[in-house]
Amino acid sequence: MARYEIRIIGFGGQGVITLSKMIITAASLYEGLAATQTEAYSAAARGGKCWAEVVVDLDQDQSQIDYPKALAPYDFSIVLSEEGASEMKKGDLKDEKNTGFLLWDTSTIKKFRTAKRVKALGIPIQKLALEKFGNSVFGNTILFGAFMKISNIFSEEAAIETIKKFVPESTLDTNLKAFEFGKQKGEKFLQTLMEAN
Amino acid sequence: MISNDEKRFLEPGKHLMMGNVAMSEGALSAGASFFGGYPITPSTEVIEHLSKRLPEVGGCCMQMEDELASINSVIGASLVGAKALTATSGPGFSLMAETISMAANLEIPFVFCDVQRNGPGNGYVTEPHHNDIGFVRFAGNGEFQVIALAPMNCQELFDLTITAFNFAETYRCPVFILSDAYLGHLHEVINIPPKEEILKRVIPRELPEDTSGRMFTYKDRVSGEYVTPKPPQMGTEYCPGLFIHQPHGPDGLPTPKPMEFIEAIIDKININKDKICLTDTYKIEDAEILIIAYGLPVRSSYRAVDIARKEGIKVGLFRLITIWPFHDEVVKEVVKNKKAIIVPELNYTGYIAEQVERVTDLKTPIIRVPKVCEFHHPNDILEKIKEVA
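Sequence lines, in order, name chains A and B. Under the numbering used here, think of the first position of the first sequence as 195, with each following residue one higher. Under the numbering used here, think of the first position of the second sequence as 3, with each following residue one higher.
In case anyone wonders, no lab produced these hints; they're calculated from the structure. Just so it is clear, CB atoms sit at the ideal spot from N, CA and C, and this is done for glycine as well. You may find that some hints are simply not true.
[Claimed, not checked] Some chain B residues judged to face chain A by a derived CB distance under 7 Å, without partners named: (1) LYS16; (2) LEU18; (3) HIS187; (4) HIS189; (5) GLU190; (6) VAL191; (7) PRO380.
Chain A with its partners taken away, still in its complex shape (with noise of 0.2 Å):
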């Protein structure tokens, strides 16, 4: 058993749940780990404060996730809105090597004191994905590229089959265009890492 704690949250409509859903087919579906993820519905996931987690057990032998609820500390923890950068504390996430991230907008949140004390990557997601690509659709695939990067959990092949799987073709250059330039954020935040370390 080696599980690994993804937790994402934001508001209502920005995709929250929709790359909870993307991560969770990527290392089940096509890596063939067993994974369970639950979301916030109902009156929850719209318009208000919005959630998602994801439990991936990194053991190949396991079929079935014990205790599908993702714990505290998370390995990896994605932050959309205000009101989840201010609920967050530095205990929230794991404090080893190769994990415990933090992956957040820049351009919906102004102030997250946490993210100064833990191993983050702050992009202005909604704001890169209108100007380089023209709609802030785009920023789930920016962050799908990043996590898949730095998270490490799945392979590039099983990122892009969910890509697939999940846009509409017309859209799908474009996407794949965004995936590669989270991606390429992502791999330049791990070297920054390593040099510092």
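Starting from the known structure of chain A, fit chain B onto it as the hints suggest.
The following block gives chain B in isolation, referenced to the frame of chain A:
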């Protein structure tokens, strides 16, 4: 009736889906062609999904004006030969109780998915709470026996829904699937078997073979066993007129013999407990301490057993997949000579703990681990194991 068999079955192989959707797909695979319901959190995805899927296969999904109409439409559909189901949560379920008791008494088969949530209308409606366990058992006035199944993951929501429809066809009684707010919204990969394999498992709705008018369960005079004929269909020669106004007796004919009638509708299920009561065990061979669980807490229990075993504590798990009827004889056997029994339940009352107490030696301590709105972390159970070890 299902006219488009092509679309009824999903492509065999792995699919990622939500619990509520897995349950709905299980119903389609079992051959369900009618859904009548009224949306309620956290069961809404069932009606959402079936409103797309049922028309594709030539079935019908109806959103009724309220819960009473929903369950009545389900009974109506079943009476004219459709495999039918509804899905709701606790508050909807209580509104449906009247018709459930009628259907049980008239031996009209149907499947009922209860996605349990906390509290009444103003409770924490998006949180899980196994608070309908007692209600399910006596869902309505009159005496009758129901069958209730408790899945623990999305795969089982699919598989056990097929089993539920089979039980409904065989024993002609309401069959409940006890899901909950957490399980219903959990996404997991499930494995869909090939069409041929599913069809082998499914008991289809067929017309009765007997045209003598014996429409209800009766005791065979020669063998002394209960015979449950196939459900009659209104409008066919097997079911002339409105039989539902007449009481009926153990000879299968509309004769007023209340005692024998009640015996028949309860015992037809009780004598088949060995076939109906599905259970599972985990490391119980040498166990001194036993956990008895159902539904989601089973998953935490597996973990707790593993951790405790590593520390040298001999603990095992007995899992109830079928909750009702409760198999007294089997549980009596597994709890024998145990140091302690731990019953983690997602409710405060301890509906199953009460049943376990009934069949356990008075000297054996039975420890309840109640949780409401959030299910047990393995450590919650482990703590109790260590206390009694």
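**Request:** Quick one: which hint numbers does this structure break? Sort them smallest to largest.
**Result:** Structure breaks no hint.
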